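Undergrad: Please build the complete structure, drawing on both the sequences and the hints.
Same order as they appear, the protein sequences are chains V and A. With our numbering applied, the first sequence corresponds to residues 292 to 832, in that order. With our numbering applied, the second sequence corresponds to residues 340 to 669, in that order.
Please note that a few of the clues may not be correct.
Partial pick of chain V residues on the chain A-facing surface, computed with a CB cut under 10 Å [stated by the list, open to error]:
hint, residue
1, 353
2, 437
3, 458
4, 461
5, 508
6, 511
7, 515
8, 541
9, 543
10, 549
11, 550
12, 708
13, 710
Below, a list of computed lysine to any residue pairs in the SDA-like style, where the Cα atoms sit at most 20 Å apart [to be verified]:
hint, chain 1, residue 1, chain 2, residue 2
14, V, 486, A, 394
15, V, 352, A, 394
16, V, 352, A, 623
17, V, 710, A, 372
18, V, 559, A, 485
19, V, 486, A, 425
20, V, 780, V, 635
Don't read these hints as lab results, they were simulated from the structure. This structure is a prediction, so every number in the text was calculated from the model and none was measured. Virtual Cβ for every residue (Gly too), placed ideally from N, Cα, C.
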Amino acid sequence: MAHDNKPLTRRRLLRTGAGITAAGVLAGCTGGGGDDPTDTSGGGGTATPQPGGSLSIGQAKSGVHFDPIRQMSVPALLVANRMYSSIYTYGEGTDLEPQIATELPEVSDDGTRWSFDVREDAYFQNGDQVTPEDVAYSIEQPVVEETQLAADFNMVNSVSVDGQTITIDLDFPYAVFQHSLTQNVVPKSVREETKTDVGWTEGYVGSGPFELVEFREGEHAQLASWSDYWGKAPNLSEVEFVPIPEPTTRLTSFQNDEVGVIQDIPPKLWGTIEGMNDATIFERPAISYFYGSFNCNEGPTTDPEVRRAVDLAFSMDDAVSNFVEPAGVRVNSPIPAAVADTWDFPTDEWADIQSDKNVDEAKAILDDHEEIPADWEMNIIVPPDNKREQIGVTIGNGLNEAGYGANVQRLDWGTYLEKFLTGDPNDYHMYVLGWSGPPDPSDFMYNLFAQDMAGVNQGHFYENDELDGYINQARESSDREERKELYEKAVPIVLEERVNLPSYTLKNTWAVKDYVTDFTNHPIGYINPRLVSSYNNVGVQ
Amino acid sequence: MARYAVRRLVQSIPVLLGIATITFLLINAIPGDPIRIMVGPNADASMVEAIRAQYGLDEPIHIRYVTYLGNLIQGDMGRSIHFGQPVSQKIAERLPVTLLLLVSSFTFAIATAVPMGVISAQKRNELPDHVSRILGLIGVSTPSFWIGLMLIIIFSYHIQLLPATNLIMPWADPSTVDGASNAVDVFVTSIEHLIMPTITLGTLQMAAIMRVQRSSMLEVLQQEYVQLARAYGVRERTILRKHAFRNAQLPVITIVGLQITTALGGSVLTETVFNINGMGRLIITAINNQDYPLIMGTTLFFGVMFVIGVIVTDLSYAYIDPRVTYDEVD
Numbered sequence: 292m293a294h295d296n297k298p299l300t301r302r303r304l305l306r307t308g309a310g311i312t313a314a315g316v317l318a319g320c321t322g323g324g325g326d327d328p329t330d331t332s333g334g335g336g337t338a339t340p341q342p343g344g345s346l347s348i349g350q351a352k353s354g355v356h357f358d359p360i361r362q363m364s365v366p367a368l369l370v371a372n373r374m375y376s377s378i379y380t381y382g383e384g385t386d387l388e389p390q391i392a393t394e395l396p397e398v399s400d401d402g403t404r405w406s407f408d409v410r411e412d413a414y415f416q417n418g419d420q421v422t423p424e425d426v427a428y429s430i431e432q433p434v435v436e437e438t439q440l441a442a443d444f445n446m447v448n449s450v451s452v453d454g455q456t457i458t459i460d461l462d463f464p465y466a467v468f469q470h471s472l473t474q475n476v477v478p479k480s481v482r483e484e485t486k487t488d489v490g491w492t493e494g495y496v497g498s499g500p501f502e503l504v505e506f507r508e509g510e511h512a513q514l515a516s517w518s519d520y521w522g523k524a525p526n527l528s529e530v531e532f533v534p535i536p537e538p539t540t541r542l543t544s545f546q547n548d549e550v551g552v553i554q555d556i557p558p559k560l561w562g563t564i565e566g567m568n569d570a571t572i573f574e575r576p577a578i579s580y581f582y583g584s585f586n587c588n589e590g591p592t593t594d595p596e597v598r599r600a601v602d603l604a605f606s607m608d609d610a611v612s613n614f615v616e617p618a619g620v621r622v623n624s625p626i627p628a629a630v631a632d633t634w635d636f637p638t639d640e641w642a643d644i645q646s647d648k649n650v651d652e653a654k655a656i657l658d659d660h661e662e663i664p665a666d667w668e669m670n671i672i673v674p675p676d677n678k679r680e681q682i683g684v685t686i687g688n689g690l691n692e693a694g695y696g697a698n699v700q701r702l703d704w705g706t707y708l709e710k711f712l713t714g715d716p717n718d719y720h721m722y723v724l725g726w727s728g729p730p731d732p733s734d735f736m737y738n739l740f741a742q743d744m745a746g747v748n749q750g751h752f753y754e755n756d757e758l759d760g761y762i763n764q765a766r767e768s769s770d771r772e773e774r775k776e777l778y779e780k781a782v783p784i785v786l787e788e789r790v791n792l793p794s795y796t797l798k799n800t801w802a803v804k805d806y807v808t809d810f811t812n813h814p815i816g817y818i819n820p821r822l823v824s825s826y827n828n829v830g831v832q
Numbered sequence: 340m341a342r343y344a345v346r347r348l349v350q351s352i353p354v355l356l357g358i359a360t361i362t363f364l365l366i367n368a369i370p371g372d373p374i375r376i377m378v379g380p381n382a383d384a385s386m387v388e389a390i391r392a393q394y395g396l397d398e399p400i401h402i403r404y405v406t407y408l409g410n411l412i413q414g415d416m417g418r419s420i421h422f423g424q425p426v427s428q429k430i431a432e433r434l435p436v437t438l439l440l441l442v443s444s445f446t447f448a449i450a451t452a453v454p455m456g457v458i459s460a461q462k463r464n465e466l467p468d469h470v471s472r473i474l475g476l477i478g479v480s481t482p483s484f485w486i487g488l489m490l491i492i493i494f495s496y497h498i499q500l501l502p503a504t505n506l507i508m509p510w511a512d513p514s515t516v517d518g519a520s521n522a523v524d525v526f527v528t529s530i531e532h533l534i535m536p537t538i539t540l541g542t543l544q545m546a547a548i549m550r551v552q553r554s555s556m557l558e559v560l561q562q563e564y565v566q567l568a569r570a571y572g573v574r575e576r577t578i579l580r581k582h583a584f585r586n587a588q589l590p591v592i593t594i595v596g597l598q599i600t601t602a603l604g605g606s607v608l609t610e611t612v613f614n615i616n617g618m619g620r621l622i623i624t625a626i627n628n629q630d631y632p633l634i635m636g637t638t639l640f641f642g643v644m645f646v647i648g649v650i651v652t653d654l655s656y657a658y659i660d661p662r663v664t665y666d667e668v669d
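TA: What follows is the structure in structure tokens.
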């Protein structure tokens, strides 16, 4: 299902004589690129799209299922978010806009009661109307079925329906709840009838602009535009998502027009795409945060001075510059840049808290420390990811420069996820990890630094009642100004105490052929590729 | 021979049981938690425990082992943790693709290696022999993923002659194949998709078979009965075709049988490079997610393939060499 306007097809090439044509193609594909093919702000072509076009999209991995009640992987969400409508969705930025709801939710003063109306003109792809009961089911069911999404809704005390109005009562004010309301809506009757003991595995019915035609895990997901879609009709009539995990193969498929859009550009292949004269890179910092974190539970790294010495031993700026850019950018706080900008946090001040590389000072601190033996080796664990491994290796090299050793272990995910939560210095003195979540500071500050999350989402076990107080107050407050002040007190503690060493945020990167029009790149990765939204409608020329 | 075949099949049961036991113990000895991988770091501990119980992973290892074997005897290979589907279903989905790839790569390897080996032996120390030996050396020493990437870069990226991804089955419905309107189109498209993965996977086999074919032919050509035939003035072509070639095939058959294991391993890399959704990628997914039932299922399946390959190889001896009669040995 490639687009209809290929200038040169494989079959035509075979028929017209491969040898002669190949030389011309070779010359063409190695030609120079445009003036500035890298688009950093989003946007897209402005030419008139061909109505009813089709588009193939190369994604980095395959989804497994499209059940909104269970947690979907990001690769699954890339497909599923075209099939379903959500209660709310994100606008061009990270603010919410209604989709199945008619307007933004009304929230009680204490932040525990949320209410909104469900629109009456929304329909599922089987012709059934989207009812408030379907919406309530979509909110309640993750907890009822104890799925992985339960954590997003287990503060919900009750959901009541009155006509078209839904009222949700929470056990406590939960600042991030608005982002939980981006939940996709499923038809209760269909799902209850067709789900198996592991959830909904086939017969998916949504109310989004595209319906699923065929899904073969690992091969493709074919979508067709739904002719009776209740919202803005999409320009594209067919969309195919093709998982191509091997980056070189993904790039080749893109270059050959087998796919018109590809997700995730590895740093080493960036220049190749920049060299193409018929493609554009869309890049945007994602809502993510990658860091090195110390074991503050036991061992020498419980001492903030030791942590500062490690920070002094290497340059995080250089590490990110050498091993992450251009696929990511340096960050200086646990709150991702896109969120920090929206909240107007003093990120420059926070950047100043971190140390520049000073190996002599690092060595002096470690030499003088009574708990650090002369042959001390720091255990650094990293997950199976090249960028994070390089960060770990850079820290280790810094310690070597300071006269100490480091043992950098790259672990499989299963082993890693068990090990980084033990707090045992035999397992790690430091771990390198990342976090991505909704565009709210609470998701990052609470999950990564609250004492409740020790051994659950964070393995540093750092305890500071003042910090914990700020984080919990901010989480349970619905006053944005108050929350901002609390976070402005909390973040410097984390940075000054070197609980975490902020490292980088990844970029959402997409390469798009020029025949694709009106493509945009949203900072929330799984929202992409936005084919139809309030502000764009992707087509092909 | 039928009795022998049945006996070998029965003998293979303890072998497969051994594979199952060792694999089960090994994957359970590796640190890590498939449920943690599935739910991610955000999940809370009670949820992780609930899901672990759902998959029976909260039971002691010996209980799980006995349960697994009991289910296996009844034909139940369990349910994949990652996919949430029966392991047998996932294998059935992926198997045809890998079988097609294996058949095509072996066809390519045998069709090129046997003539090259024979000619190389016949023209010993002449140009064809040197060329064959160099090709053989390159073939056995070059990683298959590198060959695959080079083929993609040359024939897909630069020349744009062949598709870089996927494998179309020759019997696919034309309406599901891009640009195909009938069965002939599907077949042509299938061949186009198959060429590069076949060469990638078949090169190592080709090199190994060619080297054995050459040395085996050289050995046979030095036998007394060949010298005698030459002394009688029998033409060299007749000697090669009637007297030497067939007798030189036993070592070749052995190496072909052993190459099944190598090919299965190579299919993992080939399928990854060419984005082919076969057994190789299924194994990678299983391992990456520590999906115990799927790892067990795919390992056992590969074990079965290997055992069958060895038995077929042994039985082929009798077909090639009439002196080998297994029933008399029994």
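Undergrad: Against this structure, judge whether each hint is valid.
TA: Here is what the structure says about each hint:
1. Interface restraint check for residue 353 of chain V: the shortest CB-CB distance to chain A comes to about 8 Å, inside 10 Å, so the restraint holds.
2. At a threshold of 10 Å, the smallest CB-CB gap from residue 437 of chain V to chain A is about 5 Å, leaving the interface hint in force.
3. At its closest, the beta carbon of residue 458 of chain V sits 26 Å from a beta carbon of chain A; the interface hint therefore is violated under the 10 Å criterion.
4. Interface restraint check for residue 461 of chain V: the shortest CB-CB distance to chain A comes to about 17 Å, outside 10 Å, so the restraint is violated.
5. Nearest Cβ of chain A to the Cβ of residue 508 of chain V: about 7 Å, under the 10 Å cut. The hint holds.
6. The criterion of a C-beta within 10 Å of any C-beta in chain A is met by residue 511 of chain V, whose closest approach is roughly 8 Å, and the hint holds.
7. The restraint placing residue 515 of chain V at the interface with chain A is violated, with a minimum CB-CB distance near 14 Å, outside the 10 Å limit.
8. Checking residue 541 of chain V against chain A by beta carbon gives a least distance of about 8 Å; that is within 10 Å, so the hint holds.
9. Interface hint status for residue 543 of chain V: upheld, as the beta-carbon distance to the closest one in chain A is roughly 4 Å, under 10 Å.
10. Evaluation of the residue 549 of chain V hint against chain A yields a held restraint, the C-beta minimum of about 7 Å falling below 10 Å.
11. Using the Cβ-Cβ criterion of 10 Å, the hint placing residue 550 of chain V at the interface with chain A is satisfied: the shortest such distance is roughly 9 Å.
12. Evaluation of the residue 708 of chain V hint against chain A yields a held restraint, the C-beta minimum of about 4 Å falling below 10 Å.
13. Below 10 Å, beta-carbon pairs count as interface contacts, and residue 710 of chain V has one with chain A at about 7 Å; its hint therefore holds.
14. This hinted pair checks out: residue 486 of chain V and residue 394 of chain A have alpha carbons roughly 18 Å apart, not beyond 20 Å.
15. Note on residue 352 of chain V and residue 394 of chain A: the hinted pairing is violated, with a Cα-Cα distance of about 25 Å set against a maximum of 20 Å.
16. Taken as a hint, the residue 352 of chain V and residue 623 of chain A pair is honoured in the structure, with Cα atoms around 13 Å apart against an allowance of 20 Å.
17. Distance check on the hinted pair: residue 710 of chain V and residue 372 of chain A sit about 10 Å apart at the alpha-carbon level, within 20 Å; holds.
18. Between residue 559 of chain V and residue 485 of chain A the alpha-carbon distance is near 17 Å, which keeps this suggested pair within the 20 Å criterion.
19. Under the criterion of a C-alpha separation no larger than 20 Å, the hint pairing residue 486 of chain V with residue 425 of chain A is consistent with the structure, at around 15 Å.
20. A distance of roughly 14 Å separates the Cα atoms of residue 780 of chain V and residue 635 of chain V; the hinted pair therefore holds under the 20 Å criterion.
Hint compliance for this structure: hints 3, 4, 7 and 15 are broken, all remaining hints hold.
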